[in-house]
Amino acid sequence: MTPVTQSFGEKQLFNDNMGFLDTFRKMDMFTKVEASHQNSTTHGGVMSIVVAAIIFFVSFLEISEYFKYQESHHFVVDNSIDHMLAINFDITVNSKCSALSLDLTDLSGSFKNIKSTMKREDATQLGINHHLSLKHKDQDHIHDIIRLSSKKIRPKRFSAELKNTPKTACRFYGTVLTNKVKGSIQITGVGRGLFRTFAIGDNNFTHVIDELSFGTFYPSLVNPLDNTYQVSEQGHFCMDSFLYSVSVIPTIYKGIDGTELPTNQYSVHQQTVPIKTPFDNPGIFISYDIEPIMVKVSEVRVPFTKFLIKLCSIIGGIFVTTGIFLRILDFKPSSLKKTIPQKNNYGIIDSKVTAASNALIL
Numbered sequence: 146m147t148p149v150t151q152s153f154g155e156k157q158l159f160n161d162n163m164g165f166l167d168t169f170r171k172m173d174m175f176t177k178v179e180a181s182h183q184n185s186t187t188h189g190g191v192m193s194i195v196v197a198a199i200i201f202f203v204s205f206l207e208i209s210e211y212f213k214y215q216e217s218h219h220f221v222v223d224n225s226i227d228h229m230l231a232i233n234f235d236i237t238v239n240s241k242c243s244a245l246s247l248d249l250t251d252l253s254g255s256f257k258n259i260k261s262t263m264k265r266e267d268a269t270q271l272g273i274n275h276h277l278s279l280k281h282k283d284q285d286h287i288h289d290i291i292r293l294s295s296k297k298i299r300p301k302r303f304s305a306e307l308k309n310t311p312k313t314a315c316r317f318y319g320t321v322l323t324n325k326v327k328g329s330i331q332i333t334g335v336g337r338g339l340f341r342t343f344a345i346g347d348n349n350f351t352h353v354i355d356e357l358s359f360g361t362f363y364p365s366l367v368n369p370l371d372n373t374y375q376v377s378e379q380g381h382f383c384m385d386s387f388l389y390s391v392s393v394i395p396t397i398y399k400g401i402d403g404t405e406l407p408t409n410q411y412s413v414h415q416q417t418v419p420i421k422t423p424f425d426n427p428g429i430f431i432s433y434d435i436e437p438i439m440v441k442v443s444e445v446r447v448p449f450t451k452f453l454i455k456l457c458s459i460i461g462g463i464f465v466t467t468g469i470f471l472r473i474l475d476f477k478p479s480s481l482k483k484t485i486p487q488k489n490n491y492g493i494i495d496s497k498v499t500a501a502s503n504a505l506i507l
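In our numbering, each number is its position in the sequence shown, counted from 1, plus 145.
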């Protein structure tokens, strides 16, 4: 066979390519150690298992945190031009319907007779006692709020025991439209203000609030006063007046898919005032005020790039810390000892004598 020969130009091109690759080889920051120079230890193997377990656990936590929803709150001035506000309520009072009156007034001075939009029905005291055992349950996140907003209300079901019990309580429920200004809901005895016609001790204002919300009615959403109750003292000259101060904040919930849910949330302060004289006014008084600030609650998720950078940083930090710890374990004081050359402590004359004696020996 004829041997293959390379021309001078091909050899020159090959040498140029090798020189180009050598340039990259010199820039390598990740130097490798040959297997023959590597030394495996028992404690190193144990630490490798521990590090693998820690990395797996940390990675699991970070991935779980990445898939969780987070909330972003923004406060802006409420520039909506809505003139009306819907109030949704469902309140049961431990007194007969014939002895109670529900009225609504607002800051504009209008007095609304809401008999046409409100329903009332006789209820049982045993039903109230059943409600007293209910626990308040709140939604954890916007995802739950938006999901529950589409659910329909379930009709109340009463057991045979409740149906056969004498009805000595009264349930008020419905939705009423009012001016979007400060106002109050009042549940008192028959009559208004000082012209009421009842005797102290005739009414018991122990009550359960199944629903109290403002704006569009979403039956499955839970508000601060939903499924709450207050108990009034019973007996002659032992009545109470229950005062609720509610601050309504317009709110828009925005899901991660862009779905928006306009509603209202509120904070509430409750106070119980004992009635001691016939001139005091017992009852349930819910005063509300509309805040001029709107809250926009958005559902957000950490960007994938940020999550990846954080995860890599944590894993890299674990490796570096473990490497430093292993270096400390493998540290040997003898490695610091170096071969120090012996110094000649002789003078000039001694050096000449030594040189002469060495010459005689030779």
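Please keep in mind that the hints were generated in silico from the structure rather than gathered at the bench. Fair warning: this is a prediction, and the values are worked out from it, not measured in the lab. Heads up, the beta-carbon is just placed ideally off N, CA and C, and yes, glycines get one too. Just so you know, not all the hints are guaranteed correct.
Calculated cross-link-like contacts (lysine to any residue; reagent style SDA-like; alpha-carbon spacing at most 25 Å) [as the list claims (entries may be wrong)]:
hint : residue 1 : residue 2
1    : K327      : I208
2    : K441      : F362
3    : K325      : Q410
Pairwise CB distance ranges (calculated) [as the list claims (entries may be wrong)]:
hint : residue 1 : residue 2 : range
4    : S458      : S390      : 47 to 57 Å
5    : G189      : D167      : 30 to 40 Å
6    : S225      : T404      : 36 to 46 Å
7    : F464      : Y214      : 30 to 40 Å
8    : E405      : D425      : 25 to 35 Å
9    : D248      : F449      : 23 to 33 Å
10   : F212      : Q415      : 18 to 28 Å
11   : V447      : E179      : 53 to 63 Å
12   : G468      : V447      : 39 to 49 Å
13   : F452      : E405      : 51 to 61 Å
14   : R472      : V222      : 18 to 28 Å
15   : P419      : F205      : 53 to 63 Å
Hints breached by this structure:
1, 6, 8, 9, 10, 11, 12, 13 and 14
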